[in-house]
Amino acid sequence: MHLALKVTDLTVHYDAIPVLWDINLEVPCGKFVGILGPNGAGKSTFIQALLGFIPKVSGNILFSGHHLSKIQRKLAYMPQRASIDWDFPITVKELVAMGRFNRLGLFKRAQEHDKKVCRDALELVELLPFADRQISKLSGGQQQRLFLARAIAQEADIYFLDEPLSGVDHASEDIIMNILRTMQLQNKTIFMVHHDLNTAAKFFDWAILLNLRLVASGPMGKVFVPHLLQEAYGKSLLLYDEVARLAEKRAALPQKGTL
Amino acid sequence: MTHLAEYFTDSVLRAPTIVTSLVCFVTALLGTFIVLRKEALIGEVFSHMALPGVLLALVAAHFLCPDNELQTVLLVFGGAFIFTFLGALFISFLKRKDKLASDPAMSFSLVSFFGLGLLLLSGLQQDFPSLYRSSENYLFGQAATLDDSYILIYSILALLIIGVSLLFFRPIKVLIFDEVFARVIGIRRKTIEAILFFCVVLACVMGLKSVGVVLIASMLIFPAITAREFTKSIGAQFVLSGFFGLISGLLGVIFSYEFSLRLSLQTGRAISLPLGPMIVVVAFLLLVAALVFSPRQGFFLRFVRRWTFSFRCEQENLLKAIWKYCSSRDQKRISKQELNEIYPAKFFSLFFLMHKKWLKKVSQNEYELTSEGILRGRTIVRLHRLWEVYLVKFCKMPKDRVHPSAEEMEHILTKEIEEELDRTLGYPKLDPHKQPIPEQEARVYESLLRP
Chain Y
1 MHLALKVTDL TVHYDAIPVL WDINLEVPCG KFVGILGPNG AGKSTFIQAL
51 LGFIPKVSGN ILFSGHHLSK IQRKLAYMPQ RASIDWDFPI TVKELVAMGR
101 FNRLGLFKRA QEHDKKVCRD ALELVELLPF ADRQISKLSG GQQQRLFLAR
151 AIAQEADIYF LDEPLSGVDH ASEDIIMNIL RTMQLQNKTI FMVHHDLNTA
201 AKFFDWAILL NLRLVASGPM GKVFVPHLLQ EAYGKSLLLY DEVARLAEKR
251 AALPQKGTL
Chain H
1 MTHLAEYFTD SVLRAPTIVT SLVCFVTALL GTFIVLRKEA LIGEVFSHMA
51 LPGVLLALVA AHFLCPDNEL QTVLLVFGGA FIFTFLGALF ISFLKRKDKL
101 ASDPAMSFSL VSFFGLGLLL LSGLQQDFPS LYRSSENYLF GQAATLDDSY
151 ILIYSILALL IIGVSLLFFR PIKVLIFDEV FARVIGIRRK TIEAILFFCV
201 VLACVMGLKS VGVVLIASML IFPAITAREF TKSIGAQFVL SGFFGLISGL
251 LGVIFSYEFS LRLSLQTGRA ISLPLGPMIV VVAFLLLVAA LVFSPRQGFF
301 LRFVRRWTFS FRCEQENLLK AIWKYCSSRD QKRISKQELN EIYPAKFFSL
351 FFLMHKKWLK KVSQNEYELT SEGILRGRTI VRLHRLWEVY LVKFCKMPKD
401 RVHPSAEEME HILTKEIEEE LDRTLGYPKL DPHKQPIPEQ EARVYESLLR
451 P
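Going line by line, the protein sequences match chains Y and H. Every letter in the first sequence is one number past the one before it in this note's numbering, and letter 139, counting from 1, is 139. Every letter in the second sequence is one number past the one before it in this note's numbering, and letter 412, counting from 1, is 412.
Incorrect hints may have been included.
[What the hints assert, rightly or not] Under the rule of at most 27 Å between Cα atoms (straight-line distance), these lysine-lysine pairs were calculated in the DSS-like manner:
| # | chain 1 | residue 1 | chain 2 | residue 2 |
| --- | --- | --- | --- | --- |
| 1 | Y | K115 | H | K232 |
| 2 | H | K415 | H | K396 |
| 3 | H | K357 | Y | K56 |
| 4 | Y | K137 | H | K415 |
| 5 | Y | K93 | H | K95 |
| 6 | H | K357 | H | K399 |
| 7 | Y | K56 | H | K95 |
Just so you know, these hints were derived from the structure itself, not from any lab.
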């Protein structure tokens with residue numbers, strides 16, 4: 001069985017405060033993976049560390065057996081809605097076309113094939129009629145689908161989605177989930193940060209349960225069990241939070257070495 | 001009045017005209033990026049940071065090449081460029097190391113460099129009064145002193161900026177819009193930002209001697225905002241911004257020359273209106289015009305839209321009144337007196353209904369509803385009553401409060417919504433006030449066709 005992701009000894013710090021420690025896990029190809037955990041558990045941080053946005057203190061990360069730099073073009077990332085400037089002068093069509101830039105490089109012009117891929121992606125998320133709109137002229141659900149379309153246009157093997165269902169209407173949620181399931185059938189591996197435990201069991205077939213450290217990782221049936229959920233969402237880790245906050249206050253004072 | 005072509009052919013006028021237009025054009029192009037990065041202040045910052053560079057270069061030129069003006073200019077360009085670029089590095093250093101936000105980092109650097117410049121300036125004033133005077137040419141621009149040799153220098157610089165910004169347009173765009181995505185697809189943020197800063201610094205340096213390094217900052221902002229009003233895509237904004245910059249520069253030259261000439265003739269004194277401020281004024285007026293007339297959020301269009309809507313409401317209300325009156329009496333005609341009683345209409349409203357062919361005049365004293373008029377009147381009443389049913393049934397509004405909303409919605413609801421409403425409500429026959437809801441057009445036609 002091929003591994004889509006293999007993480008060994010991953011530790012991530014924000015300044016002096018560890019936000020994820022000592023994470024070891026393996027995920028096979030073609031899984032729909034839910035990244036679950038309470039608020040502040042480091043779910044987004046985990047994805048961002050995997051993709052190299054945040055420097056890691058230690059650890060080794062392999063995607064399909066390769067390092068990030070070798071396989072960057074096969075990875076797609078869909079950001080949280082909030083991080084986008086919706087007033088930016090860009091149309092729906094142009095935004096999806098961005099998905100092709102990883103293949104085209106910086107200077108090559110889009111070919112007929114690229115245009116077709118973009119058109120198909122827009123059609124899939126049911127946004128083709130809005131192709132010429134500026135992006136702020138879409139509803140919240142449509143905006144989320146638009147970014148999904150961009151990720152699809154990347155034709156990646158591994159997808160990382162950061163809460164794609166937050167602030168999304170019911171119709172859009174159905175469309176998005178249907179597309180993701182179809183993608184899974186094409187042997188794509190999908191990682192999705194998700195916070196709603198009620199729907200998690202229905203959506204995913206693999207789960208990564210996080211709370212600053214790895215609580216569990218594995219097939220949904222084995223991970224999504226009461227005692228592990230209790231461990232991830234329970235109060236036992238509140239103490240750590242408290243200490244981390246204290247450490248943060250201390251860090252606001254001059255740090256060692258800068259004095 | 002000087003002919004437009006003369007600005008490009010006359011041996012005195014052509015250099016200032018061409019150079020100024022070029023400078024405004026390329027600066028405005030870059031302005032799109034700067035404004036979208038929400039760093040509109042950067043032009044102001046860069047231009048102030050150039051001051052010590054300009055002064056040091058002038059002093060150096062005084063000793064190195066005292067009589068060669070071209071070399072002096074190149075030296076000043078170099079000095080300004082080095083200092084501004086150092087300043088840009090300083091800003092990004094502050095942001096990275098001290099975790100300062102963008103604006104305190106920028107204003108801190110501006111003040112430090114400008115303070116240094118002012119110190120040098122006062123020293124210059126005492127020791128080299130002639131240099132002090134010529135420094136003003138650079139800071140506030142003295143386009144009239146430009147001659148043909150400058151056209152080449154400025155063209156090369158302009159081509160460089162245009163070329164670089166076109167070549168890197170795609171990574172710059174992605175980086176400004178979605179930094180994280182840019183990283184995922186392997187765009188190097190630092191490299192691209194350095195390239196962008198290089199271009200902006202170069203553009204600010206070009207402002208030296210032409211528009212004035214202080215006022216060039218306006219060219220980074222005004223045209224880009226003006227262009228934003230008319231576009232929904234960054235590429236279009238880029239081109240249009242350049243166009244508005246070009247226009248501002250060109251009109252600035254023409255106005256400053258023409259007005260100076262006229263004022264001097266009229267007053268008999270030599271009056272010269274400075275070019276830099278004139279360009280800023282033109283750019284500002286263009287922006288105001290764009291804000292008023294733009295399709296995006298222009299006051300003018302919004303006003304027109306509101307006015308046409310209220311106009312239409314008024315006409316449709318009149319038609320509705322006539323239709324109600326006629327249908328309750330099972331007649332098609334209405335006399336002037338009756339009309340005045342039910343709806344004291346203005347002459348113009350009646351004229352409009354006749355123009356729309358909803359009403360026709362059959363005799364001196366009588367009007368008649370056409371079949372289209374009947375249909376339209378019927379639809380308005382139908383929409384009104386359907387909406388009332390909807391509000392009462394689904395929004396649980398009290399019966400006596402639904403009328404005002406329906407009074408407005410009857411002019412807005414479309415045919416599709418009408419059908420949807422009808423279906424959702426289960427084809428009601430009566431409105432909440434027990435008045436009949438007229439049938440839909442199609443069914444009216446059907447009943448007419450039936451024997």
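Of the hints given before, which are not true for this structure?
Hints 3, 5 and 6 are the ones this structure does not satisfy, whereas the remaining hints hold.
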